[in-house]
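Novice: Protein chains in written order, with numbering that gives the first Met the number 0: chain A, 0 to 270; chain B, 0 to 309.
Hints were generated in silico from the structure; no laboratory data involved. It should be emphasised that the depicted structure is a prediction, and the values quoted were computed from it without experimental measurement. Even glycine gets a Cβ: it sits at the ideal position worked out from N, Cα and C. Incorrect hints may have been included.
Using 35 Å as the maximum straight-line C-alpha spacing, the simulated DSBU-like pairs for lysine-lysine come out as follows [claimed, not checked]:
hint, chain 1, residue 1, chain 2, residue 2
1, B, LYS224, A, LYS181
2, A, LYS72, B, LYS224
3, A, LYS181, A, LYS266
4, A, LYS72, A, LYS40
5, A, LYS40, A, LYS181
Just some of the chain A residues that point at chain B, by a computed CB distance under 8 Å [to be verified]:
hint, residue
6, LEU16
7, LEU19
8, LEU24
9, ALA25
10, ILE34
11, LYS40
12, ALA41
13, ILE68
14, GLY69
15, LYS72
16, ARG106
17, ASP109
18, PRO115
19, ASP117
20, ILE183
21, SER265
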Amino acid sequence: MSVQADAPVARARARPLRRLEPAALAGVMSRDVVIFGRYWKATTFSSIVQPTIYLLAFGLGFGTLVSHIGHLKYVEYVATGVVATAVLFSSAFPGMFNTFVRWQFQRTYDAMLAAPVDVEELITAEILWISLRAGVYGLAPLLVGIAFGLDPDPGMLLVAFIGFLTGFGFASFGVLIAAVAKTIDNFNYVTSAVLTPLFLVAGTFFPVSALPAGVRTVAQFNPLYHCVQLVRDASLGSLQLSDLGHAAVLLAFAVLMWRLAIWQLSKRLID
Amino acid sequence: MAQQLDPGTHERAQPPAISLRNVVKRFGSIVAVDGLNLAVPAGVCFGLLGPNGAGKSTTMRMLTAQALADSGEIEVLGYELPRESKRARMEMGVVPQLDNLDVELTCRQILTVFARLYRVPGGERADAVRRALELANLGPRADTIVRELSGGMRRRLLVARGLIHRPRLVLLDEPTVGLDPQVRQELWTLIDGLRSEGVTVLMSTHYIEEAERLADVVAVMSQGKIVAEGAPAELVRAYAGEQVLEIYGPPEQLAAASDTAARHGWQSRRSGPALAIMRAETLDGDAPEGVRRPANLEDAFVALTGEEIE
């Protein structure tokens with residue numbers, strides 16, 4: 000080490016700092032990448048096996064009773080529906096658990112906030128990383144679906160973006176829950192009472208139109224329903240104008256949850 | 000108001016590295032920091048000495064804007080907090096009291112992540128990591144996962160992490176708390192090395208010996224305020240005199256000696272199994288039998304805060 004008596008003074012005020020510094024986001028995400036390097040095998044395994052099991056179970060089970068839903072083959076229906084499930088699980092759960100563990104148990108966030116990283120940058124980077132991963136892993140059910148007879152379509156590449164956008168919203172939702180939860184056990188309430196109905200009443204395994212009118216209306220407020228519609232239209236080559244509406248809902252959900260997560264966690268990370 | 004002694008060991012011309020003016024921080028009805036005034040001159044090792052609960056850690060957290068003051072002004076390295084805190088954090092390093100290392104990562108991985116967070120340019124990162132590993136004597140453990148390191152190694156890694164970007168100011172919050180004496184010595188050497196290289200060090204501690212050995216200037220903090228400030232030797236002279244008379248004996252004898260001291264207006268305190276009377280050099284012939292020893296910072300500390308220390 001040597002003394003740098005003048006260097007920092009010369010550096011000072013060289014450039015106004017932005018609210019979201021790319022270098023800070025990259026720094027926080029570089030940690031996520033290192034950790035991912037240790038767990039990618041397990042993550043990838045489950046992201047492939049889970050949709051396979053869904054397709055087998057529903058395909059062999061319901062598939063014998065139901066050959067088509069509307070004009071879609073059941074495999075087309077389920078494979079695209081499971082994308083939303085995969086995105087939900089790979090974003091909401093890391094949002095909740097990673098945030099809580101790193102903040103409360105490992106105190107990683109405390110360490111990072113002593114470095115030139117603000118709460119907004121820290122949380123945004125964590126959410127960005129989770130949603131990037133969700134976007135990529137959201138493609139896994141389609142790959143499995145193709146093995147089960149789904150026709151490949153260039154529109155399926157759009158699914159990564161849809162998964163990213165949906166994942167951003169649900170990762171932020173997870174962070175928000177972690178911020179307000181008193182203990183990690185409280186996540187059980189959210190998992191059973193919020194996430195489970197969300198992924199069932201979204202047109203994943205059966206159409207929302209089969210449900211009573213009241214539930215159908217509620218489904219309109221479920222971001223996952225809009226994700227499922229978009230994914231289906233994109234990967235089956237049937238994109239239409241109304242899909243802009245679905246995208247708008249997902250974008251609004253993402254922005255709302257992102258701001259709420261930052262607001263709530265800031266209150267708790269900074270005394 | 001804090002009683003100010005001239006430390007006389009540092010330049011007055013340079014602006015202070017840290018300055019707090021009338022800073023107040025409350026947690027509900029508890030006032031953790033109560034009108035704190037503090038100026039840490041650039042280039043010194045400054046010891047913030049106080050019992051547990053004096054407000055030291057809260058003060059440290061306010062310097063990184065991880066706690067926001069309810070009122071008062073804080074400046075760090077010339078940056079106004081909390082507005083310019085991110086800029087200030089770029090130029091300072093922090094070693095926290097609680098171990099918040101990523102247990103799943105290796106030493107090298109942790110240091111690399113923090114080199115990025117501290118904006119060490121890509122081309123210099125590997126060198127910065129190597130230098131930090133050497134500094135902390137962790138070269139052979141570079142690729143060991145933190146979970147497998149000993150407590151002393153983890154503490155050294157925490158220090159290395161805070162120094163990865165060659166900061167010109169380092170905050171050390173109770174740097175050696177809970178460490179065995181040998182590891183403590185190692186860290187003291189490291190901290191002393193920083194000071195000799197011109198890095199400003201602000202160290203909070205409740206170990207008298209740590210402050211006495213390392214700090215050029217000590218500020219004694221009690222109940223959220225600075226109660227005295229100066230070079231350790233000056234504090235001792237001002238608040239405990241030159242000599243202390245220690246009287247040993249059964250409790251009744253100590254109680255009697257304590258009464259005698261009170262009657263004469265001598266300042267005294269219980270010190271383990273003994274009664275210690277301050278400023279023994281000024282005692283007249285009435286002084287009880289006892290052992291005279293030089294006054295130390297602990298005597299001054301107890302005289303100032305009224306609190307015994309472990």
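Novice: Each hint: holds or not?
Specialist: Results of checking the hints against the structure:
Restraint check: the Cα-Cα separation between LYS224(B) and LYS181(A) comes to about 33 Å, which is no more than 35 Å; the hinted pair holds. This hinted pair does not check out: LYS72(A) and LYS224(B) have alpha carbons roughly 74 Å apart, beyond 35 Å. Proposed proximity of LYS181(A) and LYS266(A) is supported: the alpha carbons are some 14 Å apart, at most 35 Å. At roughly 32 Å between alpha-carbon atoms, LYS72(A) and LYS40(A) fall within 35 Å of each other, so this suggested pair holds.
A threshold of 35 Å between alpha carbons decides the hint, and for LYS40(A) with LYS181(A) the separation of about 32 Å falls inside it, so the pair holds. For LEU16(A), the shortest C-beta to C-beta distance to chain B is roughly 5 Å, which falls under 8 Å, so the interface hint holds. Because the smallest distance between the Cβ of LEU19(A) and any Cβ of chain B comes to about 11 Å, over 8 Å, the interface hint for this residue is violated. Given the 8 Å rule on beta carbons, the hint for LEU24(A) is violated: about 10 Å separates it from the nearest Cβ of chain B.
With its C-beta approaching chain B no nearer than about 6 Å, ALA25(A) sits inside the 8 Å limit, and its interface hint holds. The closest approach between the C-beta of ILE34(A) and any C-beta of chain B is roughly 6 Å, which is under the 8 Å cut-off, so the hint is satisfied. Of the supplied interface hints, the one on LYS40(A) is violated, with its beta-carbon coming no nearer than about 15 Å to a beta-carbon of chain B, more than 8 Å. Contact between ALA41(A) and chain B, as hinted, is not supported at the beta carbon level, the nearest pair being about 13 Å apart and thus beyond 8 Å.
Among the interface hints, the one on ILE68(A) is violated; its C-beta lies about 44 Å from the nearest C-beta in chain B, farther than the 8 Å criterion. For GLY69(A), the interface hint is violated, since its Cβ never comes within 8 Å of a Cβ in chain B; the closest pair sits about 47 Å apart. Taking 8 Å as the C-beta contact cut-off toward chain B, the hint placing LYS72(A) at the interface is violated, the least distance being around 44 Å. Annotation: interface hint on ARG106(A) holds; nearest CB of chain B at approximately 4 Å, less than 8 Å.
Taking 8 Å as the C-beta cut-off, the interface hint given for ASP109(A) holds, the closest approach to chain B being about 5 Å. The beta carbon of PRO115(A) comes within 4 Å of a beta carbon in chain B, closer than 8 Å, and the hint placing it at the interface holds. At about 6 Å, the closest approach between the beta carbon of ASP117(A) and any beta carbon in chain B falls short of 8 Å, and the interface hint on this residue holds. Violation of the interface hint for ILE183(A) is found here, the shortest Cβ-Cβ separation to chain B being roughly 17 Å, above the 8 Å cut-off.
Given the 8 Å rule on beta carbons, the hint for SER265(A) is violated: about 11 Å separates it from the nearest Cβ of chain B.
In this structure, the earlier hints numbered 2, 7, 8, 11, 12, 13, 14, 15, 20, 21 are contradicted, and the remaining ones agree with it.
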